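Student: Kindly produce the complete structure, drawing on both the sequences and the hints.
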Amino acid sequence: MRVALGDGTPACYSGGESENRGFRTMQWRTRHPVVPVRLAERLGVERLRLRRAARRYAAHGWAVTPGACLTGDRFSCGRAGCPIMGCHPALESWEDDASTDRARVSDWWRHRPYTVLLATGVSFDVVDVPAALGLRALGAARLHAGVLGLEHADGRGPVAVTPAGRWMFFVRPGTPLRPELDACLDIVRHGRGSWVPAAPSRMPEGPVHWAVAPDEVHWRLPAAGAVQTMLCDALASLRRRADPARPPHGTGQILCVPRQLSTSRRAG
0 MRVALGDGTP ACYSGGESEN RGFRTMQWRT RHPVVPVRLA ERLGVERLRL RRAARRYAAH
60 GWAVTPGACL TGDRFSCGRA GCPIMGCHPA LESWEDDAST DRARVSDWWR HRPYTVLLAT
120 GVSFDVVDVP AALGLRALGA ARLHAGVLGL EHADGRGPVA VTPAGRWMFF VRPGTPLRPE
180 LDACLDIVRH GRGSWVPAAP SRMPEGPVHW AVAPDEVHWR LPAAGAVQTM LCDALASLRR
240 RADPARPPHG TGQILCVPRQ LSTSRRAG
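Each residue of the sequence shown is one higher than the last, beginning at 0 in numbering that gives the first Met the number 0.
Any given hint could turn out to be false.
Stated by the list, open to error - If you anchor each label on the Cβ, the simulated ranges turn out as follows:
hint: 1; residue 1: Arg-78; residue 2: Arg-101; range: 19 to 27 Å
hint: 2; residue 1: Leu-184; residue 2: Gly-85; range: 12 to 20 Å
hint: 3; residue 1: Val-121; residue 2: Gly-71; range: 28 to 36 Å
hint: 4; residue 1: Arg-109; residue 2: Pro-203; range: 22 to 30 Å
hint: 5; residue 1: Leu-184; residue 2: Ala-58; range: 32 to 40 Å
hint: 6; residue 1: Ser-236; residue 2: Met-84; range: 15 to 23 Å
hint: 7; residue 1: Arg-191; residue 2: Ala-222; range: 30 to 38 Å
hint: 8; residue 1: Ala-222; residue 2: Gly-138; range: 15 to 23 Å
hint: 9; residue 1: Leu-142; residue 2: Arg-111; range: 24 to 32 Å
hint: 10; residue 1: Leu-142; residue 2: Pro-82; range: 40 to 48 Å
hint: 11; residue 1: Ala-182; residue 2: Arg-111; range: 22 to 30 Å
In short, the hints are calculated from the structure, not lab data.
Small disclaimer: the values here were computed from a predicted structure and weren't measured.
By construction, the Cβ of each residue, glycine as well, lies at the ideal position given by its N, Cα and C atoms.
Tutor: And the structure:
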């Protein structure tokens with residue numbers, strides 16, 4: 000027989016009775032929630048994949064911090080009272096605690112499948128753009144590299160893609176956005192005080208993946224100016240296609256993909 004205890008914990012009657020000073024007492028045992036074996040194995044494999052990736056990023060000097068774990072369609076960091084349901088750092092002091100120490104990184108992922116977050120603004124910045132713009136700019140970068148060779152392709156570097164359609168171009172840090180890009184609400188530069196999710200972390204829509212893996216470019220970061228020039232050219236091309244009468248570098252935006260906000264905007 001199964002019942003629920005006062006706190007909602009499942010319990011069942013064990014089927015036996017015992018004598019206690021002349022009274023017959025039923026013997027009860029609580030049933031503790033058990034994680035299905037296959038689910039536990041999957042989570043274990045996922046945790047190892049995330050830890051291996053985090054250690055690799057750290058080994059190449061990219062500061063890593065654990066992000067909240069994806070549970071169903073929301074993220075949980077384990078901090079009491081945290082209202083954030085989207086992807087966010089698991090540590091309150093994540094910016095100070097972000098590390099390239101492989102032992103520390105390994106310890107973070109020892110027990111939980113944390114999302115892998117990369118702190119931006121020190122080793123690299125990230126220019127975060129909509130899919131249409133990112134795909135066109137990457138095509139131009141690949142063509143440039145094919146003609147001149149990778150060693151002369153200044154705009155060729157790591158590019159990550161989120162399942163929500165955001166393309167993240169990794170560049171050398173410290174260069175602000177050009178006015179043409181800064182005027183677009185759906186283009187973000189992640190510098191100091193921000194972070195980005197890294198492959199193979201999972202979002203509710205699917206995993207983050209590399210369009211251009213760091214290995215493919217030997218972990219080389221391109222100059223931000225070169226990447227921004229390619230993005231400006233791609234933006235002008237898209238605008239001409241949408242409105243042939245529009246000036247090539249006019250203001251305003253035609254790309255209507257929702258913007259991935261910076262950390263400060265997420266918190267606000």
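Student: Each hint needs a verdict: does it hold in this structure or not?
Tutor: Do the hints match the structure? See the list:
Look at Arg-78 against Arg-101: about 25 Å separates their beta carbons, and that is inside 19 to 27 Å. At roughly 19 Å, the beta carbons of Leu-184 and Gly-85 sit within the given window of 12 to 20 Å. In this structure, Val-121 and Gly-71 meet the distance hint of 28 to 36 Å, their C-beta atoms being roughly 33 Å apart. For the pair Arg-109 and Pro-203, the supplied restraint of 22 to 30 Å holds, since their beta-carbon distance comes to about 25 Å.
In this structure the hint that Leu-184 and Ala-58 lie 32 to 40 Å apart at CB holds, the actual value being about 36 Å. At roughly 37 Å, the beta carbons of Ser-236 and Met-84 sit outside the given window of 15 to 23 Å. Between Arg-191 and Ala-222 the beta carbons are some 18 Å apart, a value that contradicts the proposed interval 30 to 38 Å. Our hint of 15 to 23 Å for Ala-222 and Gly-138 holds, since their Cβ atoms are close to 19 Å apart.
At roughly 42 Å, the beta carbons of Leu-142 and Arg-111 sit outside the given window of 24 to 32 Å. At roughly 46 Å, the beta-carbon separation of Leu-142 and Pro-82 lies within the given 40 to 48 Å, and the hint holds. Between Ala-182 and Arg-111 the beta carbon distance is about 41 Å. The supplied range of 22 to 30 Å is therefore violated.
This entry does not satisfy hints 6, 7, 9, 11, going by the numbered hints stated previously.
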